[in-house]
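Can you make the complete structure from the sequences, with help from the hints?
In full-length UniProt numbering, the protein residues as written are 1 to 468.
Treat the hints with caution; some may be incorrect.
Stated by the list, open to error - Mimicking EDC-like on lysine to aspartate or glutamate, the simulated pairs with C-alpha atoms at most 16 angstroms apart in a straight line are:
#, residue 1, residue 2
1, K407, E373
2, K407, D438
3, K365, E331
4, K384, D351
5, K259, E34
No lab work stands behind these hints, which were simulated from the structure alone.
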Amino acid sequence: MLPHIDVLVTGNLNIIPDFRYEYGKAYLFAGELEKATQLLQAVLEYRKNTLGDNHPDTLAAMHWVAWLYKNLGKFQEAEELGILVVTKRRDVLGEHHPATVESTGDLAVVLSRLGKLREAEELNVAVLKTRRCILGEAHPDTVTTMSNLATTYNRLGRLQEAKGLNLEVLRRRRKILGETHPDTLLAMLNLATTYRRLGRLQEAEGLNLEVLQRWRKILGETHPDTLLTMSSLALTYSKLGRLQEAEALDLEVLERQRKILGHNHPDTLLSMANLALTYHHLGRFREAEVLAVAVLQQHKSSLGENHPETMRTMSNLAATYSRLERLQEAEDLESVVLDKRRGILGANHPDTLRSMGNLAVTYNKLGRFLEAETLLVEALKKQKDALGNNHPTTLRTQSNLGSTLNKLERWQEAEDLLVPVLEKQKDLLSHSHPHIMDTINSLAITYTKLGKLKEAEDMNEALGRLEV
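Here is the structure:
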(Lines of atoms letter the chains of each structure in order from A and count residues from 1; the text may use other names and numbers.)
(Lines give C-alpha, C1' and ligand atoms only; values in the text may rest on other atoms or scores of the structure.)
Protein backbone atom coordinates (compact mmCIF):
# COMPACT_ATOMS: atom_id res chain seq x y z
CA MET A 1 0.00 0.00 0.00
CA LEU A 2 2.98 2.30 0.63
CA PRO A 3 5.56 1.16 -1.96
CA HIS A 4 7.57 4.40 -1.81
CA ILE A 5 8.15 3.91 1.92
CA ASP A 6 8.82 0.20 1.44
CA VAL A 7 11.68 1.06 -0.91
CA LEU A 8 13.19 3.58 1.49
CA VAL A 9 12.93 1.38 4.57
CA THR A 10 14.13 -1.80 2.86
CA GLY A 11 17.02 -0.14 1.10
CA ASN A 12 18.39 2.01 3.89
CA LEU A 13 18.98 0.67 7.37
CA ASN A 14 20.37 4.02 8.51
CA ILE A 15 17.26 6.15 8.03
CA ILE A 16 17.26 8.79 10.73
CA PRO A 17 14.89 8.03 13.63
CA ASP A 18 12.52 10.94 12.95
CA PHE A 19 11.85 9.60 9.46
CA ARG A 20 11.37 6.08 10.85
CA TYR A 21 8.87 7.56 13.31
CA GLU A 22 6.82 9.18 10.53
CA TYR A 23 7.07 6.09 8.32
CA GLY A 24 5.90 3.92 11.23
CA LYS A 25 2.84 6.09 11.74
CA ALA A 26 2.12 5.95 8.00
CA TYR A 27 2.17 2.15 8.11
CA LEU A 28 -0.07 2.23 11.20
CA PHE A 29 -2.69 4.38 9.46
CA ALA A 30 -2.48 2.16 6.37
CA GLY A 31 -3.22 -0.93 8.46
CA GLU A 32 0.20 -2.51 7.81
CA LEU A 33 0.74 -3.34 11.45
CA GLU A 34 3.77 -5.62 11.23
CA LYS A 35 5.83 -2.95 9.48
CA ALA A 36 4.53 -0.29 11.86
CA THR A 37 5.59 -2.43 14.81
CA GLN A 38 9.17 -2.81 13.58
CA LEU A 39 9.64 0.92 13.05
CA LEU A 40 7.76 2.40 16.01
CA GLN A 41 9.19 0.07 18.64
CA ALA A 42 12.71 0.73 17.34
CA VAL A 43 12.11 4.49 17.50
CA LEU A 44 10.77 4.22 21.05
CA GLU A 45 13.83 2.32 22.25
CA TYR A 46 16.15 4.76 20.50
CA ARG A 47 14.47 7.79 22.06
CA LYS A 48 14.45 6.21 25.52
CA ASN A 49 18.19 5.60 25.26
CA THR A 50 19.13 9.00 23.80
CA LEU A 51 16.52 11.39 25.24
CA GLY A 52 15.29 9.67 28.39
CA ASP A 53 11.91 8.27 29.37
CA ASN A 54 10.26 11.64 30.05
CA HIS A 55 11.27 13.63 26.98
CA PRO A 56 8.23 14.82 24.96
CA ASP A 57 9.54 13.04 21.85
CA THR A 58 9.89 9.78 23.78
CA LEU A 59 6.36 10.18 25.08
CA ALA A 60 5.11 10.82 21.54
CA ALA A 61 6.64 7.55 20.36
CA MET A 62 5.25 5.80 23.43
CA HIS A 63 1.80 7.18 22.62
CA TRP A 64 1.85 5.71 19.11
CA VAL A 65 3.17 2.34 20.29
CA ALA A 66 0.23 2.21 22.73
CA TRP A 67 -2.15 2.95 19.85
CA LEU A 68 -0.38 0.29 17.79
CA TYR A 69 -1.00 -2.23 20.57
CA LYS A 70 -4.70 -1.31 20.43
CA ASN A 71 -4.81 -2.00 16.69
CA LEU A 72 -2.97 -5.29 17.24
CA GLY A 73 -5.66 -6.29 19.72
CA LYS A 74 -3.19 -6.22 22.63
CA PHE A 75 -5.58 -4.25 24.80
CA GLN A 76 -3.94 -4.98 28.18
CA GLU A 77 -0.57 -3.77 26.92
CA ALA A 78 -2.23 -0.78 25.27
CA GLU A 79 -3.92 0.11 28.56
CA GLU A 80 -0.72 -0.20 30.62
CA LEU A 81 1.33 1.90 28.21
CA GLY A 82 -1.51 4.36 27.70
CA ILE A 83 -1.82 4.99 31.44
CA LEU A 84 1.94 5.54 31.62
CA VAL A 85 1.84 8.05 28.75
CA VAL A 86 -1.07 9.98 30.25
CA THR A 87 0.63 10.12 33.66
CA LYS A 88 3.95 11.29 32.26
CA ARG A 89 2.41 13.84 29.90
CA ARG A 90 0.38 15.31 32.75
CA ASP A 91 3.58 15.69 34.77
CA VAL A 92 5.75 17.00 31.92
CA LEU A 93 3.30 18.97 29.77
CA GLY A 94 0.32 19.66 32.01
CA GLU A 95 -3.20 18.26 32.16
CA HIS A 96 -4.67 20.46 29.43
CA HIS A 97 -1.81 20.26 26.92
CA PRO A 98 -3.15 18.96 23.57
CA ALA A 99 -0.81 15.95 23.69
CA THR A 100 -2.04 15.00 27.18
CA VAL A 101 -5.65 15.37 26.14
CA GLU A 102 -5.00 13.26 23.03
CA SER A 103 -3.48 10.44 25.09
CA THR A 104 -6.37 10.58 27.55
CA GLY A 105 -8.87 10.28 24.71
CA ASP A 106 -7.01 7.35 23.19
CA LEU A 107 -6.86 5.63 26.58
CA ALA A 108 -10.65 5.96 26.77
CA VAL A 109 -10.91 4.09 23.44
CA VAL A 110 -8.77 1.25 24.81
CA LEU A 111 -10.80 1.06 28.02
CA SER A 112 -13.97 0.82 25.95
CA ARG A 113 -12.52 -2.11 23.96
CA LEU A 114 -11.59 -3.76 27.29
CA GLY A 115 -15.22 -3.50 28.39
CA LYS A 116 -14.39 -0.92 31.09
CA LEU A 117 -17.28 1.17 29.87
CA ARG A 118 -17.91 3.42 32.89
CA GLU A 119 -14.24 4.42 33.03
CA ALA A 120 -14.23 5.00 29.28
CA GLU A 121 -17.32 7.18 29.52
CA GLU A 122 -15.82 9.23 32.36
CA LEU A 123 -12.60 9.90 30.42
CA ASN A 124 -14.43 10.67 27.17
CA VAL A 125 -16.75 13.15 28.88
CA ALA A 126 -13.76 14.91 30.48
CA VAL A 127 -11.83 15.06 27.20
CA LEU A 128 -14.89 16.33 25.33
CA LYS A 129 -15.41 19.10 27.87
CA THR A 130 -11.74 20.16 27.60
CA ARG A 131 -11.70 20.10 23.81
CA ARG A 132 -14.95 22.02 23.52
CA CYS A 133 -13.51 24.68 25.80
CA ILE A 134 -10.07 24.93 24.16
CA LEU A 135 -10.69 23.97 20.52
CA GLY A 136 -14.39 24.63 20.01
CA GLU A 137 -17.32 22.46 18.92
CA ALA A 138 -16.31 22.09 15.28
CA HIS A 139 -12.62 21.19 15.68
CA PRO A 140 -11.84 17.71 14.25
CA ASP A 141 -10.39 16.55 17.59
CA THR A 142 -13.57 17.58 19.41
CA VAL A 143 -15.67 15.74 16.85
CA THR A 144 -13.47 12.64 17.22
CA THR A 145 -14.11 12.63 20.96
CA MET A 146 -17.86 12.91 20.33
CA SER A 147 -17.54 9.86 18.07
CA ASN A 148 -15.63 7.88 20.71
CA LEU A 149 -18.22 8.76 23.35
CA ALA A 150 -20.99 7.63 20.99
CA THR A 151 -19.27 4.25 20.59
CA THR A 152 -19.12 3.87 24.37
CA TYR A 153 -22.81 4.79 24.65
CA ASN A 154 -23.53 2.09 22.05
CA ARG A 155 -21.79 -0.50 24.21
CA LEU A 156 -23.59 0.78 27.31
CA GLY A 157 -26.91 0.28 25.52
CA ARG A 158 -27.67 4.02 25.57
CA LEU A 159 -28.66 3.91 21.93
CA GLN A 160 -30.61 7.15 21.61
CA GLU A 161 -27.69 9.12 23.03
CA ALA A 162 -25.35 7.26 20.70
CA LYS A 163 -27.58 8.04 17.73
CA GLY A 164 -27.71 11.74 18.58
CA LEU A 165 -23.94 12.03 18.86
CA ASN A 166 -23.29 9.95 15.74
CA LEU A 167 -25.64 12.10 13.66
CA GLU A 168 -23.91 15.25 14.90
CA VAL A 169 -20.47 13.80 14.14
CA LEU A 170 -21.53 12.80 10.63
CA ARG A 171 -23.06 16.21 9.94
CA ARG A 172 -19.91 18.04 11.03
CA ARG A 173 -17.51 15.73 9.19
CA ARG A 174 -19.47 15.96 5.96
CA LYS A 175 -19.37 19.74 6.22
CA ILE A 176 -15.70 20.09 7.19
CA LEU A 177 -14.01 17.07 5.59
CA GLY A 178 -16.31 16.07 2.74
CA GLU A 179 -18.27 12.94 1.85
CA THR A 180 -15.33 10.68 1.03
CA HIS A 181 -12.89 11.52 3.84
CA PRO A 182 -11.99 8.41 5.90
CA ASP A 183 -13.24 10.04 9.10
CA THR A 184 -16.59 10.77 7.45
CA LEU A 185 -16.84 7.16 6.35
CA LEU A 186 -16.05 5.96 9.88
CA ALA A 187 -18.84 8.21 11.16
CA MET A 188 -21.24 6.61 8.66
CA LEU A 189 -20.13 3.15 9.80
CA ASN A 190 -20.66 4.04 13.47
CA LEU A 191 -24.13 5.37 12.69
CA ALA A 192 -24.90 2.15 10.81
CA THR A 193 -23.96 0.17 13.92
CA THR A 194 -26.31 2.26 16.05
CA TYR A 195 -29.12 1.92 13.52
CA ARG A 196 -28.66 -1.86 13.51
CA ARG A 197 -28.89 -2.00 17.28
CA LEU A 198 -31.97 0.21 17.14
CA GLY A 199 -33.55 -2.23 14.69
CA ARG A 200 -33.43 0.23 11.79
CA LEU A 201 -31.97 -2.45 9.56
CA GLN A 202 -32.69 -1.00 6.11
CA GLU A 203 -30.96 2.25 7.04
CA ALA A 204 -28.04 0.32 8.51
CA GLU A 205 -27.71 -1.71 5.32
CA GLY A 206 -27.74 1.40 3.12
CA LEU A 207 -24.98 3.09 5.11
CA ASN A 208 -22.88 -0.08 5.27
CA LEU A 209 -23.06 -0.60 1.52
CA GLU A 210 -22.09 3.00 0.79
CA VAL A 211 -19.13 2.90 3.17
CA LEU A 212 -17.95 -0.47 1.89
CA GLN A 213 -17.98 0.69 -1.72
CA ARG A 214 -15.85 3.72 -0.84
CA TRP A 215 -13.44 1.84 1.46
CA ARG A 216 -12.74 -0.69 -1.27
CA LYS A 217 -11.84 2.13 -3.65
CA ILE A 218 -9.77 4.15 -1.14
CA LEU A 219 -8.16 1.51 1.10
CA GLY A 220 -8.45 -1.73 -0.82
CA GLU A 221 -10.05 -5.07 -0.04
CA THR A 222 -7.75 -6.11 2.82
CA HIS A 223 -7.52 -2.96 4.97
CA PRO A 224 -8.82 -3.53 8.53
CA ASP A 225 -11.46 -0.81 8.10
CA THR A 226 -12.75 -2.47 4.92
CA LEU A 227 -12.99 -5.80 6.74
CA LEU A 228 -14.71 -4.14 9.71
CA THR A 229 -17.34 -2.70 7.36
CA MET A 230 -17.87 -6.07 5.67
CA SER A 231 -18.35 -7.63 9.11
CA SER A 232 -20.87 -4.94 10.05
CA LEU A 233 -22.81 -5.54 6.83
CA ALA A 234 -22.82 -9.29 7.47
CA LEU A 235 -24.35 -8.69 10.91
CA THR A 236 -27.05 -6.54 9.33
CA TYR A 237 -27.79 -9.23 6.74
CA SER A 238 -28.03 -11.79 9.55
CA LYS A 239 -30.50 -9.59 11.44
CA LEU A 240 -32.54 -9.20 8.24
CA GLY A 241 -32.60 -12.97 7.76
CA ARG A 242 -30.48 -12.83 4.61
CA LEU A 243 -28.37 -15.63 5.97
CA GLN A 244 -26.63 -16.87 2.82
CA GLU A 245 -25.31 -13.37 2.14
CA ALA A 246 -24.27 -13.04 5.77
CA GLU A 247 -22.41 -16.35 5.68
CA ALA A 248 -20.54 -15.47 2.48
CA LEU A 249 -19.34 -12.16 3.94
CA ASP A 250 -18.50 -13.70 7.32
CA LEU A 251 -16.33 -16.36 5.68
CA GLU A 252 -14.52 -13.84 3.49
CA VAL A 253 -13.81 -11.52 6.41
CA LEU A 254 -12.65 -14.34 8.67
CA GLU A 255 -10.24 -15.73 6.07
CA ARG A 256 -8.64 -12.33 5.51
CA GLN A 257 -8.44 -11.40 9.18
CA ARG A 258 -6.77 -14.70 10.04
CA LYS A 259 -4.17 -13.98 7.38
CA ILE A 260 -3.62 -10.29 8.19
CA LEU A 261 -4.29 -10.03 11.94
CA GLY A 262 -3.75 -13.60 13.13
CA HIS A 263 -6.08 -16.23 14.56
CA ASN A 264 -6.25 -14.76 18.07
CA HIS A 265 -6.74 -11.06 17.29
CA PRO A 266 -9.96 -9.75 18.93
CA ASP A 267 -11.36 -8.68 15.55
CA THR A 268 -10.73 -12.18 14.16
CA LEU A 269 -12.45 -13.72 17.17
CA LEU A 270 -15.37 -11.33 16.74
CA SER A 271 -15.73 -12.52 13.13
CA MET A 272 -15.66 -16.14 14.30
CA ALA A 273 -18.41 -15.32 16.81
CA ASN A 274 -20.46 -13.65 14.08
CA LEU A 275 -20.07 -16.67 11.80
CA ALA A 276 -21.10 -18.96 14.65
CA LEU A 277 -24.25 -16.86 15.10
CA THR A 278 -25.00 -17.06 11.38
CA TYR A 279 -24.58 -20.85 11.48
CA HIS A 280 -26.97 -20.89 14.45
CA HIS A 281 -29.62 -18.98 12.48
CA LEU A 282 -29.06 -21.34 9.53
CA GLY A 283 -29.77 -24.31 11.79
CA ARG A 284 -26.19 -25.57 11.55
CA PHE A 285 -25.92 -25.92 15.30
CA ARG A 286 -22.94 -28.30 15.48
CA GLU A 287 -20.80 -25.94 13.42
CA ALA A 288 -22.03 -23.02 15.51
CA GLU A 289 -21.06 -24.84 18.70
CA VAL A 290 -17.53 -25.68 17.52
CA LEU A 291 -16.82 -22.06 16.59
CA ALA A 292 -18.44 -20.58 19.70
CA VAL A 293 -16.52 -22.89 22.07
CA ALA A 294 -13.21 -21.93 20.41
CA VAL A 295 -14.03 -18.22 20.58
CA LEU A 296 -15.16 -18.44 24.20
CA GLN A 297 -11.91 -20.10 25.26
CA GLN A 298 -9.87 -17.33 23.61
CA HIS A 299 -12.10 -14.54 24.94
CA LYS A 300 -11.83 -15.82 28.50
CA SER A 301 -8.05 -15.95 28.14
CA SER A 302 -7.51 -12.58 26.46
CA LEU A 303 -10.44 -10.42 27.62
CA GLY A 304 -11.56 -12.06 30.86
CA GLU A 305 -14.79 -13.66 32.08
CA ASN A 306 -16.69 -10.39 32.47
CA HIS A 307 -15.94 -8.67 29.15
CA PRO A 308 -19.09 -7.88 27.10
CA GLU A 309 -17.76 -9.88 24.13
CA THR A 310 -17.09 -12.89 26.37
CA MET A 311 -20.63 -12.68 27.70
CA ARG A 312 -22.02 -12.31 24.17
CA THR A 313 -20.25 -15.49 23.10
CA MET A 314 -21.45 -17.34 26.21
CA SER A 315 -25.02 -16.23 25.51
CA ASN A 316 -24.89 -17.33 21.89
CA LEU A 317 -23.40 -20.68 22.90
CA ALA A 318 -26.18 -21.14 25.46
CA ALA A 319 -28.77 -20.49 22.72
CA THR A 320 -27.06 -23.10 20.56
CA TYR A 321 -27.08 -25.62 23.42
CA SER A 322 -30.81 -24.96 23.78
CA ARG A 323 -31.36 -25.73 20.08
CA LEU A 324 -29.30 -28.92 20.50
CA GLU A 325 -31.63 -29.91 23.38
CA ARG A 326 -28.73 -29.73 25.84
CA LEU A 327 -31.07 -27.84 28.09
CA GLN A 328 -29.29 -28.06 31.43
CA GLU A 329 -26.08 -26.72 29.89
CA ALA A 330 -28.07 -23.98 28.20
CA GLU A 331 -29.81 -22.99 31.44
CA ASP A 332 -26.60 -23.01 33.47
CA LEU A 333 -24.68 -20.91 30.95
CA GLU A 334 -27.43 -18.37 30.26
CA SER A 335 -28.10 -17.97 34.00
CA VAL A 336 -24.45 -17.07 34.53
CA VAL A 337 -24.58 -14.59 31.64
CA LEU A 338 -27.77 -12.99 32.93
CA ASP A 339 -26.32 -12.51 36.42
CA LYS A 340 -23.14 -11.01 34.98
CA ARG A 341 -24.98 -8.69 32.62
CA ARG A 342 -27.29 -7.46 35.35
CA GLY A 343 -24.29 -6.67 37.54
CA ILE A 344 -22.01 -5.17 34.88
CA LEU A 345 -24.32 -3.65 32.26
CA GLY A 346 -27.44 -3.06 34.35
CA ALA A 347 -30.92 -4.58 34.46
CA ASN A 348 -32.21 -2.53 31.51
CA HIS A 349 -29.32 -2.94 29.05
CA PRO A 350 -30.47 -4.47 25.73
CA ASP A 351 -28.01 -7.36 26.15
CA THR A 352 -29.39 -8.11 29.62
CA LEU A 353 -32.93 -8.15 28.27
CA ARG A 354 -31.85 -10.43 25.42
CA SER A 355 -30.41 -12.86 28.00
CA MET A 356 -33.72 -12.86 29.84
CA GLY A 357 -35.47 -13.78 26.60
CA ASN A 358 -32.98 -16.54 25.81
CA LEU A 359 -33.28 -18.05 29.29
CA ALA A 360 -37.06 -17.96 28.97
CA VAL A 361 -36.84 -20.01 25.74
CA THR A 362 -34.88 -22.66 27.64
CA TYR A 363 -37.40 -22.59 30.51
CA ASN A 364 -40.13 -23.23 27.93
CA LYS A 365 -38.31 -26.30 26.64
CA LEU A 366 -37.86 -27.51 30.22
CA GLY A 367 -41.61 -27.16 30.81
CA ARG A 368 -41.15 -24.30 33.27
CA PHE A 369 -43.77 -22.16 31.57
CA LEU A 370 -44.65 -19.80 34.43
CA GLU A 371 -40.99 -18.92 34.98
CA ALA A 372 -40.66 -18.33 31.25
CA GLU A 373 -43.72 -16.08 31.25
CA THR A 374 -42.41 -14.02 34.16
CA LEU A 375 -39.09 -13.39 32.41
CA LEU A 376 -40.68 -12.61 29.06
CA VAL A 377 -43.25 -10.18 30.48
CA GLU A 378 -40.50 -8.23 32.25
CA ALA A 379 -38.18 -8.28 29.24
CA LEU A 380 -40.95 -7.22 26.85
CA LYS A 381 -41.97 -4.24 28.96
CA LYS A 382 -38.39 -3.03 29.26
CA GLN A 383 -37.63 -3.64 25.57
CA LYS A 384 -40.66 -1.60 24.55
CA ASP A 385 -39.37 1.24 26.72
CA ALA A 386 -35.73 0.98 25.62
CA LEU A 387 -36.00 -0.14 21.98
CA GLY A 388 -39.57 0.58 20.94
CA ASN A 389 -42.54 -1.61 20.02
CA ASN A 390 -41.28 -2.40 16.51
CA HIS A 391 -37.66 -3.37 17.22
CA PRO A 392 -36.90 -6.90 15.92
CA THR A 393 -35.74 -7.99 19.38
CA THR A 394 -38.93 -6.66 20.99
CA LEU A 395 -40.99 -8.53 18.40
CA ARG A 396 -38.97 -11.69 19.02
CA THR A 397 -39.71 -11.48 22.74
CA GLN A 398 -43.41 -10.85 22.09
CA SER A 399 -43.49 -13.87 19.76
CA ASN A 400 -41.84 -16.04 22.41
CA LEU A 401 -44.35 -14.82 24.99
CA GLY A 402 -47.16 -15.81 22.61
CA SER A 403 -45.61 -19.26 22.29
CA THR A 404 -45.44 -19.53 26.09
CA LEU A 405 -49.10 -18.55 26.41
CA ASN A 406 -49.90 -21.34 23.95
CA LYS A 407 -48.21 -23.80 26.28
CA LEU A 408 -50.20 -22.35 29.18
CA GLU A 409 -53.38 -22.87 27.07
CA ARG A 410 -54.19 -19.16 27.10
CA TRP A 411 -55.05 -19.22 23.42
CA GLN A 412 -56.82 -15.87 23.03
CA GLU A 413 -54.03 -13.97 24.75
CA ALA A 414 -51.55 -15.75 22.51
CA GLU A 415 -53.46 -14.75 19.38
CA ASP A 416 -53.67 -11.13 20.52
CA LEU A 417 -49.87 -11.04 20.83
CA LEU A 418 -48.90 -13.08 17.78
CA VAL A 419 -51.05 -11.52 15.05
CA PRO A 420 -49.54 -8.00 15.29
CA VAL A 421 -46.04 -9.46 15.70
CA LEU A 422 -46.29 -11.36 12.44
CA GLU A 423 -47.47 -8.31 10.52
CA LYS A 424 -44.60 -6.19 11.85
CA GLN A 425 -41.99 -8.90 11.27
CA LYS A 426 -43.13 -9.23 7.64
CA ASP A 427 -42.52 -5.50 7.19
CA LEU A 428 -39.06 -5.55 8.77
CA LEU A 429 -37.44 -8.89 7.98
CA SER A 430 -36.73 -11.22 5.10
CA HIS A 431 -39.78 -13.40 4.36
CA SER A 432 -37.82 -16.55 5.29
CA HIS A 433 -36.32 -15.14 8.50
CA PRO A 434 -36.24 -17.80 11.26
CA HIS A 435 -38.13 -15.48 13.63
CA ILE A 436 -41.00 -15.14 11.14
CA MET A 437 -41.14 -18.92 10.76
CA ASP A 438 -41.30 -19.35 14.55
CA THR A 439 -44.15 -16.84 14.81
CA ILE A 440 -46.10 -18.50 11.98
CA ASN A 441 -45.67 -21.89 13.66
CA SER A 442 -46.91 -20.54 17.00
CA LEU A 443 -49.86 -18.83 15.36
CA ALA A 444 -50.83 -22.02 13.51
CA ILE A 445 -51.04 -23.79 16.88
CA THR A 446 -53.08 -20.94 18.35
CA TYR A 447 -55.58 -20.92 15.50
CA THR A 448 -55.97 -24.70 15.70
CA LYS A 449 -56.73 -24.58 19.42
CA LEU A 450 -59.19 -21.72 18.90
CA GLY A 451 -60.99 -23.70 16.22
CA LYS A 452 -60.00 -21.27 13.46
CA LEU A 453 -59.07 -24.08 11.14
CA LYS A 454 -58.95 -22.08 7.89
CA GLU A 455 -56.51 -19.59 9.44
CA ALA A 456 -54.46 -22.46 10.85
CA GLU A 457 -54.33 -24.10 7.42
CA ASP A 458 -53.15 -20.81 5.89
CA MET A 459 -50.35 -20.58 8.45
CA ASN A 460 -49.24 -24.16 7.85
CA GLU A 461 -49.24 -23.64 4.09
CA ALA A 462 -47.18 -20.46 4.50
CA LEU A 463 -44.74 -22.31 6.72
CA GLY A 464 -44.46 -25.11 4.19
CA ARG A 465 -43.60 -22.65 1.42
CA LEU A 466 -40.91 -21.04 3.56
CA GLU A 467 -39.33 -24.37 4.50
CA VAL A 468 -38.96 -25.50 0.88
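We went through each hint and held it up to the structure:
The suggested pairing of K407 with E373 holds, with an alpha-carbon distance near 10 angstroms, which does not exceed 16 angstroms. Pair hint K407 plus D438 holds up; C-alpha atoms about 14 angstroms apart against a cutoff of 16 angstroms. Restraint check for K365 and E331: the C-alpha separation of about 10 angstroms stays at or below 16 angstroms, so the hint holds. Only pairs whose Cα atoms come within 16 angstroms are accepted, and K384 paired with D351 is accepted, the gap being roughly 14 angstroms.
This hinted pair checks out: K259 and E34 have alpha carbons roughly 12 angstroms apart, not beyond 16 angstroms.
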